[in-house]
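There are 4 protein chains.
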Amino acid sequence: MRIGLLTGGGDCPGLNAAIRAVVKQATGEYGATVTGFRNGWRGVVDGDVVPLGRADIRNVLPVGGTLLGTARFHPHAEHGGLDGVLATLEAERIDSLICIGGDGTLHAAQQVADAGVNVIAIPKTIDNDVEGTDLSIGFHTAVNIATEAIDRVHTTAESHNRVMVVEVMGRHAGWIAVNAGIAGGAEVVLAPEEPFEIERLVKFLKHRHRAHANFSIVVVAEGAIPAEGSSMDYTQELGRFGEIIAGSIGERVSKEIAERTGFDTRLTVLGHVQRGGSPTPTDRILGSRFGVAAVDAAMRGESQVMTALRGEQVVTVPLAEVAGRLKTVPSELLRVAQVLA
Amino acid sequence: MRIGLLTGGGDCPGLNAAIRAVVKQATGEYGATVTGFRNGWRGVVDGDVVPLGRADIRNVLPVGGTLLGTARFHPHAEHGGLDGVLATLEAERIDSLICIGGDGTLHAAQQVADAGVNVIAIPKTIDNDVEGTDLSIGFHTAVNIATEAIDRVHTTAESHNRVMVVEVMGRHAGWIAVNAGIAGGAEVVLAPEEPFEIERLVKFLKHRHRAHANFSIVVVAEGAIPAEGSSMDYTQELGRFGEIIAGSIGERVSKEIAERTGFDTRLTVLGHVQRGGSPTPTDRILGSRFGVAAVDAAMRGESQVMTALRGEQVVTVPLAEVAGRLKTVPSELLRVAQVLA
Amino acid sequence: MRIGLLTGGGDCPGLNAAIRAVVKQATGEYGATVTGFRNGWRGVVDGDVVPLGRADIRNVLPVGGTLLGTARFHPHAEHGGLDGVLATLEAERIDSLICIGGDGTLHAAQQVADAGVNVIAIPKTIDNDVEGTDLSIGFHTAVNIATEAIDRVHTTAESHNRVMVVEVMGRHAGWIAVNAGIAGGAEVVLAPEEPFEIERLVKFLKHRHRAHANFSIVVVAEGAIPAEGSSMDYTQELGRFGEIIAGSIGERVSKEIAERTGFDTRLTVLGHVQRGGSPTPTDRILGSRFGVAAVDAAMRGESQVMTALRGEQVVTVPLAEVAGRLKTVPSELLRVAQVLA
Amino acid sequence: MRIGLLTGGGDCPGLNAAIRAVVKQATGEYGATVTGFRNGWRGVVDGDVVPLGRADIRNVLPVGGTLLGTARFHPHAEHGGLDGVLATLEAERIDSLICIGGDGTLHAAQQVADAGVNVIAIPKTIDNDVEGTDLSIGFHTAVNIATEAIDRVHTTAESHNRVMVVEVMGRHAGWIAVNAGIAGGAEVVLAPEEPFEIERLVKFLKHRHRAHANFSIVVVAEGAIPAEGSSMDYTQELGRFGEIIAGSIGERVSKEIAERTGFDTRLTVLGHVQRGGSPTPTDRILGSRFGVAAVDAAMRGESQVMTALRGEQVVTVPLAEVAGRLKTVPSELLRVAQVLA
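Protein chains in written order, with UniProt numbering: chain A, 1 to 341; chain B, 1 to 341; chain C, 1 to 341; chain D, 1 to 341.
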C-alpha cells in the first residue's frame with residue numbers, strides 16, 4: 001500500500017502531529033509507505049514529492065506549522081490542475097491520498113475523489129467551521145492564544161478604565177470569538193452567526209460603565225457583521241478564496257464605540273499569532289488520533305471519507321456529506337457568552 | 001427560587017468558573033438567589049452558609065481552586081449527616097441544590113436526592129472517570145500540566161540517555177496518562193485499563209535502546225497495576241475513600257526498570273501540581289456552560305440530574321444512571337497511545 | 001510615618017507586586033501607614049485617596065495591571081496641577097511619596113521633589129529605557145510576550161515561505177525588539193539605536209532566501225527609523241507626550257519589503273498585549289524588591305532617589321541623575337542580535 | 001582557528017542557545033571551525049567528536065537539553081583522564097576549548113587549563129551558585145517552573161486549608177527557593193544560607209493560621225538544613241559529587257509540620273521538571289550572549305577565563321578566581337523573602 005499525504009490551506013498547530021501519526025501508523029505493522037507532497041496541492045500538480053520515514057518525524061510533535069509546507073492553491077483554479085494531480089498520483093502509484101486541510105482543501109479533495117482517486121480527508125481549520133466533526137485541528141490552540149490575549153488586555157482595560165476591542169479570526173463562524181470570549185470573561189462577543197446592532201452595543205456599554213464597572217472587553221470575530229437596518233453602515237468585501245479584503249470590522253467597531261460613547265477605546269488585532277506556535281495537548285492528541293484513523297481507514301479500503309471527532313469517538317464520515325458545508329456556533333453556546341457578560 | 005451551591009471532593013481548576021456562572025445565571029433574568037455552603041457537604045451539615053452575589057465572583061474566572069472551599073467529607077460517613085443536611089436545607093429554604101463534585105460527591109448527592117431534595121449535579125474530577133459526560137471539570141487542565149511536565153523531562157531524557165518515569169494521577173482510569181502520554185510523545189503508557197507485564201515492558205525498552213534511541217519516557221497512572229502472573233509482585237492498597245495508600249506504583253516501576261535493564265532511570269511524581277492553578281480555556285468554558293445549564297435545569301423544574309457534555313452539546317442526564325459508575329478510556333485511544341510509541 | 005503611593009503612566013505587569021511590597025513592608029515592623037492615590041497624579045491633584053492595608057493586597061501578586069488605577073496625566077501640564085499636589089499631600093500629611101512610573105512620572109516626581117516633597121521613585125516601563133537601573137518593572141514580561149509571538153509566527157513563516165514582520169513596542173529604545181529578536185531567533189532586528197537602510201535590509205533578505213532559507217522574521221521596534229539618505233522616506237510624528245502618532249513603521253517596512261522583494265510578506269502588530277496579564281516571576285520579584293527598598297529608603301530618611309537594580313543588588317540612585325535621561329541598548333547586545341541572524 | 005565545544009554536568013534549558021551562538025559566531029566572519037565533544041568530558045577522553053556546522057543548529061534555540069549530550073563525568077576522577085583529554089585535543093588540533101558547565105565542569109576546566117590547554121568556560125547551573133556572574137544558564141527557567149508550581153499548589157492550599165510544602169533544587173545555595181518563593185508569594189522559604197529552627201517555623205505557622213489565614217506555602221531548598229541545637233535532628237549525607245543522598249529534607253519538614261501542628265500538610269517534590277523543557281527568553285538570550293562572547297574571547301587570544309553577566313554587560317573573568325567558589329543568596333534578597341511572608 002502506498003499512501004500520499006499533503007497539508008493544504010493556512011498552516012496551524014497540530015499538523016505535524018497528524019503527519020507523524022500517519023507515518024508511524026502506516027510504516028508500522030501495516031508495512032505501507034508514505035509519500036509526502038510539498039506545499040499542498042501545488043506539490044501534487046508539480047510532482048514535488050518527498051518520501052517520509054520515521055527519521056523525518058522525530059521531535060515534530062510539539063512543533064507548530066507543517067514540515068511538508070503548505071499553500072493556498074486550488075488545483076482546479078489553475079489550468080490543467082486536475083490532470084496534473086492525476087498524472088502525479090499515477091506516477092507515484094498512490095493507492096490512497098490523505099489530505100489534511102480546511103474547506104478549500106476538502107473541496108478540492110472532493111473533486112479529486114470524483115475523478116476516481118481514493119481520498120481520506122483530515123479536517124484542520126482554526127475557524128472550526130468544518131461540518132461533521134466536533135473539532136478540527138488548530139482550533140483549540142487558537143482559542144488558547146486568543147484567551148491569553150484577552151486575559152492580558154483585561155488588566156489594561158481595568159487599570160485605565162478603557163474599552164478594549166479584540167479582533168480574532170473567524171470569517172464565517174464565530175467559534176474562536178465565542179469560546180475565547182467566554183474563557184476570557186468578555187463583556188461582549190460579536191460573531192457572524194448573530195448580526196449585531198451597534199446602537200444596542202453602545203447602549204449596553206454606557207449602562208455598564210454607569211452602573212457597574214468602568215471598563216469592558218469586546219471580542220469581535222473578523223467576520224462579524226452589523227444587522228440590516230443598523231445605523232452602522234458596513235459591507236464585507238470578499239476575495240475569490242472567501243477571504244475578507246475590506247477594512248477590519250474590529251477597527252470599525254472600535255471607532256464607533258469611541259465616537260458614540262466617548263470612552264477611551266483601543267483595538268488589538270491578533271492576526272497571525274493565532275495560527276502559529278506549539279500546539280496545545282488537545283491539538284496534538286486530535287492530530288495524532290486523526291492520523292492513525294486516516295491510515296486505518298485507508299487500510300480498511302475506505303475512501304471518500306473524512307476523519308471526525310464525535311464526542312469521545314473518532315469516526316469517519318462521507319466526504320460528500322461535509323465538504324462545502326459550514327458549521328456554525330450553536331445557539332446554546334452563543335447564549336452562554338451573553339448571559340455571562 | 002432559592003438555589004444552594006457546594007463544591008465537594010478534591011479541588012481543581014474550573015470550579016470558580018462554574019460558581020461564577022451559577023451566580024450570574026441565577027441572579028440575572030431569573031431573579032433567583034444563591035446560597036453557598038462552605039467546604040463541601042461539611043458546610044451543609046454544619047449550616048456554614050454564605051450568600052453569593054455578583055460582587056463575590058468578580059475576577060474569579062481565571063483563578064484555580066474554589067472560593068467556597070472544599071473537603072473530602074461524606075455526609076453519610078458521619079453520624080447523623082443526612083439529618084443535618086436536610087435540616088440546613090430546610091432552614092435555608094433551598095429549592096434546588098447544585099452539587100459540583102466527583103464520584104464521592106455524586107454518590108452523596110444521589111443519597112440526598114433519594115431523601116427528597118431537588119439535586120442538580122455538575123461533574124468535576126481531574127481523573128475524568130465520571131460516566132455520562134465527555135469531560136468533567138479539571139481534567140483538561142490536568143492533561144495540560146502533565147503534558148508540559150513530559151515535554152520537560154523529555155529533553156533531560158535525551159541529553160542524559162535516560163529512562164524517565166512520570167507518575168500522573170488516575171486511580172481507576174488512565175485518562176490523564178493516556179492523553180498526556182500521546183500529547184507528550186511517551187514511549188510507554190501504563191493505565192489501569194490494561195494491566196501491564198513488566199517483562200514485556202522491559203523487553204520493549206531494551207529493544208528500543210538497542211535499535212533506535214537511547215532514551216525513553218514511561219508515563220504511569222497512579223492506579224496502574226501489573227497483570228496477574230506477571231513476575232512483578234504488587235498489590236494496591238486502598239483507603240476507605242478509594243484512595244491509594246500503598247507505595248507509589250511509579251516508584252516500583254522505576255526501580256524494576258533500573259534493575260532489569262541497567263539503564264539510568266529516574267522518577268518524577270507530579271502530585272498536587274496537576275490539580276492547581278489557572279484553568280485552561282477549555283475548563284473555564286466547560287465550568288461556565290455547566291453552571292448556566294445547571295441553573296437552567298433547576299428553573300425548568302428538573303432534578304436528580306447531572307449536567308453533561310455530549311459532543312458539542314451540554315445536556316442533562318439522570319443522576320441515577322451515572323452516579324457510582326466508572327468511565328474508562330476506550331480501546332481506540334489506548335491503541336493510539338501504543339501505536340505512536 | 002505616613003507614606004503616599006501612586007502608579008502613573010501606562011499600566012504593566014508587576015505594579016501590584018510593588019504595591020503589595022510597599023504595603024507589607026510599611027505596615028509591618030515599621031508601623032507606618034500607606035495612602036494610595038487613584039489613577040496616578042490625577043488622584044493626587046483631585047485628592048482621590050484610598051487607605052491601603054494588608055486586606056487590600058491579598059492575591060494581587062500574580063495579577064497584572066495596578067489596583068490603584070493609572071492615567072497618563074502630568075500635574076504640570078494642567079493649570080494649577082502642582083498646587084493641587086501640594087495641597088493634597090499636606091491634607092493627607094504624607095511624609096514620603098512613593099511614585100511608581102516611567103519617564104513621564106519620574107519627570108513629574110522630580111518637579112514635585114523640587115517643590116520640597118520627599119519623593120522615592122520606582123522605575124517601571126516596558127520599554128526599559130529608564131537610566132540608572134538594569135531593569136524597570138514590566139519590561140521582562142513584555143519580552144516574554146513578544147518572544148512567544150515571534151515563536152508563533154516562526155512556524156507560519158516556515159510553512160508558507162513568508163517574510164513575517166513583527167512590530168513591538170519601544171519608542172526611543174529597542175530593548176524589547178533586540179531581546180525578543182535574539183530570543184526568538186529573528187533574522188533582522190530594527191531598533192531606534194541604529195537607523196536602518198532599507199536597501200541593505202532588502203538585499204540581505206534576497207540573499208538569504210536565495211542561499212539558505214525561504215522565510216524570514218523581521219522584528220521592528222515601533223520607534224525604528226530609516227537612516228538619512230536611505231531611499232525610504234519616512235518621518236516619525238510625535239505627540240505632546242512623546243508618543244508616536246504617525247503611521248506604524250512596521251506597516252511601512254512590511255510594504256517596502258513586499259514591493260522590493262516580491263516575497264509574500266505579512267505584518268503582526270503586537271500592541272496592547274505586550275503590557276498586560278500576569279507578570280513573569282522576574283517582574284514579580286523586581287516589583288517586590290523595589291517596593292521593600294523604597295519603604296526602607298523612606299524610613300532611613302532618604303528622598304529624591306529612585307530604586308534601581310544594579311547587577312544582583314537593589315540600590316537607590318539620586319532622582320536628579322536619572323530623570324529625563326534615556327537608556328539605550330548597548331552595542332554589544334545590538335551586535336549579538338546581528339551575528340545570530 | 002579550531003574551537004572545541006562540550007557541555008558537562010546536568011542538562012538544562014539554554015545550552016542549545018549557547019551551542020548555536022558559538023557555531024554561528026565562530027563559523028561566521030571569523031571563519032573558524034567548531035568540533036563538538038559528545039557527553040561532556042567523556043567525549044573528550046574517548047575522542048567522541050562531531051563537527052558542528054550551521055545545519056546542525058537549525059531550530060534548536062527554543063529546545064531544552066543539549067544536542068551534544070552531557071554526562072556527570074570528571075576526567076580526573078578516572079584513571080588517565082587528563083592524558084586522554086590532552087591526546088584528543090591534540091589529535092583534533094583544538095586551539096581553544098569552550099566548556100559549558102557548572103562547578104564540576106569548571107573545576108575540570110581549571111585542571112585542563114593548568115595542563116596548558118586554552119580554555120574558555122561558560123557557566124550553567126540551575127542552582128545559580130557559580131561565583132563571578134549574576135546569572136548562569138538554566139537558572140532563570142528553573143525559577144519560572146518552580147514559581148508556576150507554587151502558583152498551582154497555592155489554590156489547593158487555599159481551597160483545602162492546607163500547608164503545602166514544595167521542595168525545589170538548590171544543594172548549596174537557595175537561589176531557586178528564594179526567588180520562586182518571593183515570586184509565588186510563599187509564606188516561608190528555607191534556604192541553605194540560613195539554617196532554620198523548626199520550632200520557630202511551627203510557631204509562625206500556628207500563629208498565622210490562628211490569626212490571618214488557614215493555609216500556607218512552605219518552599220524548601222533541597223539543601224536546607226536545621227540550625228544546630230534545633231530540636232529537629234537531621235544530617236545531610238553527600239555523595240562524592242556533592243549530591244544529596246540522604247532522605248529529602250522536604251519530606252522531613254513536611255512530616256514535622258504535620259506532627260507538630262496537626263495541620264493537613266502535603267509535600268510536592270518538583271524534581272527533574274525544573275531542569276527541562278523550552279528555555280525562557282532570558283535563558284535563550286543569556287546562552288546566546290555567552291556563546292558569542294566566548295568565541296570573541298577565544299579569537300582575541302584570551303584563555304583561562306569564564307564569560308559572566310555583570311549588570312547589563314557580558315564580560316570575561318579569570319577562571320581561577322571563580323572555579324570552586326560558591327555564590328550564595330545575598331542577605332537583602334533573603335530578607336525580602338521574609339518580610340513579604
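Since the hints were derived computationally from the structure, they do not count as laboratory data.
Keep in mind that a hint or two might mislead.
To be verified - Here are the computed distance ranges between Cβ atoms for each label pair:
#1 C:Ala258 / A:Glu302: 55 to 63 Å
#2 B:Leu326 / A:Arg335: 27 to 35 Å
#3 D:Gly28 / C:Ala258: 53 to 61 Å
#4 D:Ala227 / B:Tyr30: 58 to 66 Å
#5 B:Asp264 / A:Glu321: 51 to 59 Å
#6 A:His207 / C:Asp83: 48 to 56 Å
#7 D:Arg58 / B:Glu228: 32 to 40 Å
#8 B:Arg2 / A:Arg335: 56 to 64 Å
#9 C:Glu302 / A:Arg335: 54 to 62 Å
#10 C:Glu251 / A:Glu228: 53 to 61 Å
#11 A:Ala91 / B:Arg200: 37 to 45 Å
#12 C:Ala115 / B:Glu29: 52 to 60 Å
#13 C:Gln313 / B:Lys203: 51 to 59 Å
#14 D:Gly28 / C:Gln313: 49 to 57 Å
To be verified - No more than 20 Å apart at the CA atoms, straight line, and that leaves these computed lysine to aspartate or glutamate pairs for EDC-like:
#15 B:Lys206 / B:Asp134
#16 A:Lys203 / A:Asp233
#17 D:Lys206 / D:Asp114
#18 B:Lys24 / A:Glu332
#19 C:Lys203 / C:Glu259
#20 C:Lys24 / D:Glu332
#21 B:Lys24 / B:Asp46
#22 A:Lys203 / B:Glu199
#23 D:Lys203 / C:Glu259
#24 A:Lys24 / B:Asp95
#25 B:Lys203 / A:Glu302
#26 C:Lys203 / D:Glu29
#27 B:Lys255 / B:Glu332
#28 A:Lys206 / A:Asp114
#29 D:Lys24 / D:Asp296
#30 C:Lys255 / C:Asp233
#31 D:Lys24 / C:Glu29
We put the CB at the ideal spot given by N, CA and C, even for glycine.
Outcome of the hint check:
1. C:Ala258 / A:Glu302: 55 to 63 Å: Violated, at about 44 Å.
2. B:Leu326 / A:Arg335: 27 to 35 Å: 33 Å, holds
3. D:Gly28 / C:Ala258: 53 to 61 Å: 28 Å Cβ-Cβ, so the 53 to 61 Å window is violated.
4. D:Ala227 / B:Tyr30: 58 to 66 Å: At roughly 60 Å between Cβ atoms, B:Tyr30 and D:Ala227 fall inside 58 to 66 Å, so the hint holds.
5. B:Asp264 / A:Glu321: 51 to 59 Å: 53 Å, holds
6. A:His207 / C:Asp83: 48 to 56 Å: 37 Å, violated
7. D:Arg58 / B:Glu228: 32 to 40 Å: 50 Å, violated
8. B:Arg2 / A:Arg335: 56 to 64 Å: With Cβ atoms ~24 Å apart, the hint is violated.
9. C:Glu302 / A:Arg335: 54 to 62 Å: 58 Å, holds
10. C:Glu251 / A:Glu228: 53 to 61 Å: At 33 Å between Cβs, range violated.
11. A:Ala91 / B:Arg200: 37 to 45 Å: 43 Å, holds
12. C:Ala115 / B:Glu29: 52 to 60 Å: 55 Å, holds
13. C:Gln313 / B:Lys203: 51 to 59 Å: 57 Å, holds
14. D:Gly28 / C:Gln313: 49 to 57 Å: 36 Å, violated
15. B:Lys206 / B:Asp134: Violated: B:Lys206 and B:Asp134 sit about 37 Å apart, past 20 Å.
16. A:Lys203 / A:Asp233: Satisfied, since the Cα-Cα distance of roughly 18 Å is no more than 20 Å.
17. D:Lys206 / D:Asp114: Answer violated: D:Lys206 to D:Asp114 is near 55 Å, above 20 Å.
18. B:Lys24 / A:Glu332: 16 Å, holds
19. C:Lys203 / C:Glu259: Given pair C:Lys203, C:Glu259 holds - Cα atoms ~13 Å apart, limit 20 Å.
20. C:Lys24 / D:Glu332: 16 Å, holds
21. B:Lys24 / B:Asp46: 26 Å, violated
22. A:Lys203 / B:Glu199: 70 Å, violated
23. D:Lys203 / C:Glu259: 71 Å, violated
24. A:Lys24 / B:Asp95: 56 Å, violated
25. B:Lys203 / A:Glu302: 35 Å, violated
26. C:Lys203 / D:Glu29: 18 Å, holds
27. B:Lys255 / B:Glu332: Judged against 20 Å, a Cα distance of about 30 Å means the pair is violated.
28. A:Lys206 / A:Asp114: 55 Å, violated
29. D:Lys24 / D:Asp296: Holds. D:Lys24 to D:Asp296 sits at ~12 Å (cutoff 20 Å).
30. C:Lys255 / C:Asp233: 13 Å, holds
31. D:Lys24 / C:Glu29: The hint is violated at about 53 Å.
Of the hints listed earlier, those the structure fails to meet are numbers 1, 3, 6, 7, 8, 10, 14, 15, 17, 21, 22, 23, 24, 25, 27, 28 and 31, in rising order.
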